[in-house]
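For the sequence shown, UniProt numbering begins at 1 and goes up steadily by one.
Calculated directly from the structure, the hints in this document are not laboratory data.
Fair warning: there could be bad hints in the mix.
What the hints assert, rightly or not - Heads up, simulated EDC-like pairs for lysine to aspartate or glutamate below, C-alpha to C-alpha not over 16 Å straight-line:
no., residue 1, residue 2
1, LYS209, ASP251
2, LYS223, ASP376
3, LYS209, ASP316
4, LYS259, ASP370
5, LYS213, GLU344
6, LYS239, ASP316
7, LYS223, ASP370
8, LYS213, GLU235
9, LYS259, ASP316
10, LYS259, GLU365
11, LYS286, GLU245
12, LYS286, GLU235
13, LYS350, GLU217
14, LYS209, GLU235
15, LYS239, GLU217
16, LYS213, GLU365
17, LYS249, GLU217
18, LYS249, ASP376
19, LYS249, GLU365
20, LYS239, GLU291
21, LYS213, ASP316
22, LYS213, GLU245
23, LYS239, GLU296
To be verified - So the derived label-pair ranges between C-beta atoms look like this:
no., residue 1, residue 2, range
24, ASP191, ASN281, 21 to 29 Å
25, ASN281, GLU192, 50 to 58 Å
26, LYS223, ALA327, 42 to 50 Å
It should be emphasised that the depicted structure is a prediction, and the values quoted were computed from it without experimental measurement.
Every residue, glycine too, gets a C-beta built ideally from N, C-alpha and C.
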Amino acid sequence: MRLVLRSLRSLRTGHQHPTHWSRPNFRPVVQRRLQYFSTESHTGFTCPACGAPSSRLVCRSCGRLHQSSSSGVSHFELLGVDSNYEVDPQAVDTAYKDLQRLLHPDRHVSQPEEQRELADAHSAKVNEAAWDPRMIRMQGPKLSRVAVLRRGADHSKFTPCVEVADCIGDTETMMEVMETSEELDAAKTQDEVDRIRKRNRSKANVTPKVTKKAFFEVAIGGKPTGRIVFGLYGEHVPKTVANFEALCKCDKGPPYCYKGSPFHRIIPGFMVQGGDTTHGNGTGGKSIYGERFADEQFGVPHSRGGLLSMANAGPDTNGSQFFITTAAAHHLDGKHVVFGEVLEGDQVVKALDSHGTRSGRPTAEAKIMDCGVLPDIE
Numbered sequence: 001m002r003l004v005l006r007s008l009r010s011l012r013t014g015h016q017h018p019t020h021w022s023r024p025n026f027r028p029v030v031q032r033r034l035q036y037f038s039t040e041s042h043t044g045f046t047c048p049a050c051g052a053p054s055s056r057l058v059c060r061s062c063g064r065l066h067q068s069s070s071s072g073v074s075h076f077e078l079l080g081v082d083s084n085y086e087v088d089p090q091a092v093d094t095a096y097k098d099l100q101r102l103l104h105p106d107r108h109v110s111q112p113e114e115q116r117e118l119a120d121a122h123s124a125k126v127n128e129a130a131w132d133p134r135m136i137r138m139q140g141p142k143l144s145r146v147a148v149l150r151r152g153a154d155h156s157k158f159t160p161c162v163e164v165a166d167c168i169g170d171t172e173t174m175m176e177v178m179e180t181s182e183e184l185d186a187a188k189t190q191d192e193v194d195r196i197r198k199r200n201r202s203k204a205n206v207t208p209k210v211t212k213k214a215f216f217e218v219a220i221g222g223k224p225t226g227r228i229v230f231g232l233y234g235e236h237v238p239k240t241v242a243n244f245e246a247l248c249k250c251d252k253g254p255p256y257c258y259k260g261s262p263f264h265r266i267i268p269g270f271m272v273q274g275g276d277t278t279h280g281n282g283t284g285g286k287s288i289y290g291e292r293f294a295d296e297q298f299g300v301p302h303s304r305g306g307l308l309s310m311a312n313a314g315p316d317t318n319g320s321q322f323f324i325t326t327a328a329a330h331h332l333d334g335k336h337v338v339f340g341e342v343l344e345g346d347q348v349v350k351a352l353d354s355h356g357t358r359s360g361r362p363t364a365e366a367k368i369m370d371c372g373v374l375p376d377i378e
């Protein structure tokens, strides 16, 4: 049962994340976010099959899984459990209660606005055998997607709740969940539903306007390699861009300057990370606002290579470290703030990528030999 609860709370992901920690075997524990909208009591219920006292999820006596009477959605569906499976009733019931504790709305008042909007938008479930109790011990929960549920006319029966999940970070899924009940209820055909989703996804994937430019002069193995020119999204994330711009200008001097700092972590086909202006090994760095500053917003997905994003050690821990994607990395959406893109110097990024390893340690020393800003874009 401990394994079940541990898996429900978190899992170790095979995806690697840009982070301040550089231990070779470090894999961040990703907290999972779900949405669930029911305030029904799950005690004092009589099992319709055997008549024994039962929770509304599962009968402790006969093991039967029940259907929620108010929402019309079975609790085992919310947990991704097929009602025909032979499961450990106590383990499933305990897991469900554990979810209730995690999903209390008061826990999330300090979350970013996007997450609060998700919590207020819809009830949702994890479907397609997301949490099959027979498999959870072997491979952990599988979050396949988030599906929208209609709440019905009586909204008093539902309370918005949200907890951390990889799938919420996926822009496409986020937009599905954020669709309003009114739009879905008004849609009479699948074509109308598809049209709503297509519209929302197109909004989500609009690239912000480039308002500023900055550059790095890069050397690999002590030899000049070329210049990378970045376009920065100054209107979209002004605070993050101002920090990066100041660190490129170097007006305040070390440690508020990228000049001379290394690209300390390069994983081929994933990303090139740098910006540790204090230690140079991925354990340090400092922003112009102090040690750390908060995430501004996660509106831009890591949908392709050549995007410039902030590295961090968790929510609201941005400093000076950044990374350049060399491929799409959607598992980072909702966790790292994208604030720019590569405008020139793709060949330099490819050269850096070619010196990466699976452990992240570059095969040759790669440094920012010079940096600065270019005239603002009109």
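Hints and how they fare:
1. LYS209 <-> ASP251: The hint is violated at about 26 Å.
2. LYS223 <-> ASP376: Violated. LYS223 to ASP376 sits at ~30 Å, over the 16 Å cutoff.
3. LYS209 <-> ASP316: Violated - the C-alpha atoms of ASP316 and LYS209 are around 24 Å apart, more than 16 Å.
4. LYS259 <-> ASP370: Holds, because 5 Å separates the two Cα atoms, which is no more than 16 Å.
5. LYS213 <-> GLU344: Holds, because 10 Å separates the two Cα atoms, which is no more than 16 Å.
6. LYS239 <-> ASP316: The given pair, whose Cα atoms are some 13 Å apart, holds under the 16 Å limit.
7. LYS223 <-> ASP370: Holds, at about 13 Å.
8. LYS213 <-> GLU235: holds, 13 Å
9. LYS259 <-> ASP316: violated, 25 Å
10. LYS259 <-> GLU365: holds, 14 Å
11. LYS286 <-> GLU245: holds, 14 Å
12. LYS286 <-> GLU235: violated, 23 Å
13. LYS350 <-> GLU217: holds, 14 Å
14. LYS209 <-> GLU235: Cα-Cα ~7 Å, so holds.
15. LYS239 <-> GLU217: violated, 24 Å
16. LYS213 <-> GLU365: Roughly 26 Å between the alpha carbons, so the hint for LYS213 and GLU365 is violated.
17. LYS249 <-> GLU217: Judged against 16 Å, a Cα distance of about 13 Å means the pair holds.
18. LYS249 <-> ASP376: Answer holds: LYS249 to ASP376 is near 14 Å, not above 16 Å.
19. LYS249 <-> GLU365: violated, 23 Å
20. LYS239 <-> GLU291: Holds. LYS239 to GLU291 sits at ~14 Å (cutoff 16 Å).
21. LYS213 <-> ASP316: Answer violated: LYS213 to ASP316 is near 25 Å, above 16 Å.
22. LYS213 <-> GLU245: Distance of about 8 Å is within 16 Å: holds.
23. LYS239 <-> GLU296: Holds. LYS239 to GLU296 sits at ~7 Å (cutoff 16 Å).
24. ASP191 <-> ASN281: 21 to 29 Å: violated, 54 Å
25. ASN281 <-> GLU192: 50 to 58 Å: Holds: the Cβ-Cβ distance is about 54 Å, inside 50 to 58 Å.
26. LYS223 <-> ALA327: 42 to 50 Å: 26 Å Cβ-Cβ, so the 42 to 50 Å window is violated.
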